[in-house]
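> What follows is the residue order along each chain.
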Amino acid sequence: MSEITLDTLKPGDLARITKMRVKGPARRKLFDMGMVAGSEIELVRTAPLGDPIEFQIKGYHLSIRKEEASQIFVQKIE
Amino acid sequence: MENMKIRVALAGNPNVGKTTLFNAITGSRQHVGNWPGVTVEKKTGIRSYRGYHIEVTDLPGTYSLTAYSLDEIVARDYIIEEKPDIVIQIIDASNLERNLYLTTQLMELETEMIIALNMCDLALERGDKLYIDRMQEILAAPIVQTVASRDIGINELLDRVIEQKYNDRYHGREIGYGDIIENKVLEIEKILLTDPELSKRYPLRWMSIKLLEGDRNVRTKVGKSHVSAAINELLASIDQEEYEADIADKRYVAINAIFPQMCTRCNVRMTKSDMIDRVLTNKYLGIPIFLALMWGAFELTFAFATPFTDMIERIFVWLAVNVTSRLEPEWLASLIGDGIIGGVGAVLTFVPNIFILFFLLSLLEGSGYLARAAFIMDRLMYKIGMHGKSFIPLLMGFGCNVPAIMATRSIEDEKDRLITILVVPFVSCGARLPIYILLAGAFFGRQAGTVVFFMYVLGIVVAVISAKLLRSTIVKGKPAPFIMEMPPYRVPTLKTSIVHMWDNGAMYIKKAGTLILIGVVIIWLLASFPWGIEYGSEESYVGMMGHFFAPLLEPLGFDWKMTVALVFGLVAKEIVVASMGVLYGAGDSPEALTASLLADPAVTALSALSLMVFSLLYMPCVATLGVIKKETGSWKWTAFALAYGIAVAWIVAFFVYQGGKLLGY
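Chains as they are written, first to last, in the numbering used here: chain A, 267 to 344; chain B, 348 to 1012.
Since the hints were made in silico from the structure, they are not lab data. Among these hints, one or two may not hold up.
Claimed, not checked - Sample of chain B residues with no beta-carbon within 12 angstroms of chain A, all distances over it, derived:
no., residue
1, C467
2, N502
3, I509
4, G519
5, I585
6, F791
7, F800
8, K823
9, L872
Unchecked claim - Covered stretches of chain B (chain A as the covering partner; in silico rule of three or more C-beta atoms under 8 angstroms from a C-beta of chain A):
no., stretch
10, 590-597
11, 631-642
A virtual CB, placed ideally from N, CA and C, is assigned to each residue, including glycine.
Hey, can you work out the whole structure from these sequences and the hints?
Structure below.
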């Protein structure tokens, strides 16, 4: 049950957020959008050019860049 | 009568149909302005209903009420300072969970609330099961189901508004944040209460929670009070970051607890929207489809606009001929004919294009595809120092810079927005095309098409380089983080798009039209005086200006006539060709003008090329400058756009001309 970062998931993977290590104003914005520890999150797809990534969380779709996703720690749900 | 007046504010997440609801309530009785002191749009409207006078203010769409964005500050300040009678939060019924986050914060503002559960039809379609009665009980606020796009539920909503105003009982459920946080809240409340003015002015509990969250705006509000020191001491003793995270966390914990009671079978995974996205944002198909759609949109714009454009052109030509030939004295005929009809006409022919651009933009936004456009293009934009959201405004610049700059409103980050606004004028708009067609057609024969294409590419290149340059110098910092909701695809409401098109189009005509009219009259004055000289000749003031500036532009290969044409072009780039017609004595005939140009030894292929480059890059036209001032709210940046444009144009045209001469052309 190791912790990995959000950007390492593959499309279709389901995970639970464990730690939010994003800094700056992005941090609060992400909280507001539902990216809090304990939330379930699924990687839907990556943009054609490789970045940003689209996720499903709290019943809607949110896209963020790899830069921020790499600072969010999750545990995969099988 | 005062007590028949009800003040209502509309709040809600973006993409929930708030604008549609606002339009449904207020119809055509709307007023658009700015919130005082900031470049955030403020919409107010009136509705008379059952004898009541209902004043509706549309607050900016926000996901939360933090102090991090101007939109949020504007929204919450309105509620706590202006104290509307009712705040209606519009919730997307098919997206309940995240919408409730804003609800928890609105309720902490201790205001009278009604919830409009919008898009109920979509939720029903998805198979969600909503328990409205339970929702009302849990949230302790009245809930009205609406489908704003079809005008369903509006009257019920207004009935509720009237009912609630005269009940005057604070509704809403407060959530608890757990022992640790609640203890601190009590401590802060105790301190705040020692300043009775402060604690009466703003909701007490709200202030305490915000202070614990590290809200800078509330901190400033408290800073003016004598309790400021004690508050600072308390806040210094805690880990603010942790509290901020914890408070957001607890909000969602509370929502997690109540949400399943309100809605079952929600969050269905594979929706229609998802299936569409599998194609539209597909790894291989995504970009080709996107480019095709953008191309299609432009083709559509021209196709729809052309019949109107032709009609307007014909009207103006008829006007010019018939009105001026009947007017005495001659100077008046000249003013109206050459000046007003000619100048304004040239610009008004673009109006159909602009209306359609706005319409298409609204369709793109309403359908949800705009978010996908930003999603697809972000990586590229980020590499040149911009945000994915900047792409569409830049693209619109190919039609006209003015709506393009207005479209930058969707870019939240101030710096990203500023850079986009400053860079859009370099994108070659439709008004510059006649200049290229004339000059390239005259001097480059077979290669004319290639040369014109080169102009478009040059505009993009200069825009990109400018963006990077500005990022590393005057507007430092990285582009804002990309955190964007991808709303489900929806069928855009035709009514909303038409209203949007009309509002923005009308504003364009009013603002741009006024500026251009003034500019045209000024130019006419300068071209007609001193008294008695021939219109637009060397002896006129315009001619004198041309001679005055000519030495500055000589290294670029321009003589005084071209200089004058460029001066005319300051008002609107469409006018450059017409003024060249006047200056070279060729009147309205393009063939005659081409012949005159070819015959003039001062005009060579190289200087024509240099002229094209200069007209591409030099200052944004007056209308664009006007909208830059409006969207940035700053004379400083408007002046910068002007100076920067001229500087860049001069440098690049210099290299083109002198470089060309060195190469032997």
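> Decide, hint by hint, whether the structure agrees.
For each hint, the structure was consulted:
no., hint, verdict
1, C467, "holds (16 angstroms)"
2, N502, "holds (30 angstroms)"
3, I509, "holds (33 angstroms)"
4, G519, "holds (19 angstroms)"
5, I585, "holds (17 angstroms)"
6, F791, "holds (36 angstroms)"
7, F800, "holds (25 angstroms)"
8, K823, "holds (15 angstroms)"
9, L872, "holds (51 angstroms)"
10, 590-597, "holds (count 4)"
11, 631-642, "holds (count 3)"
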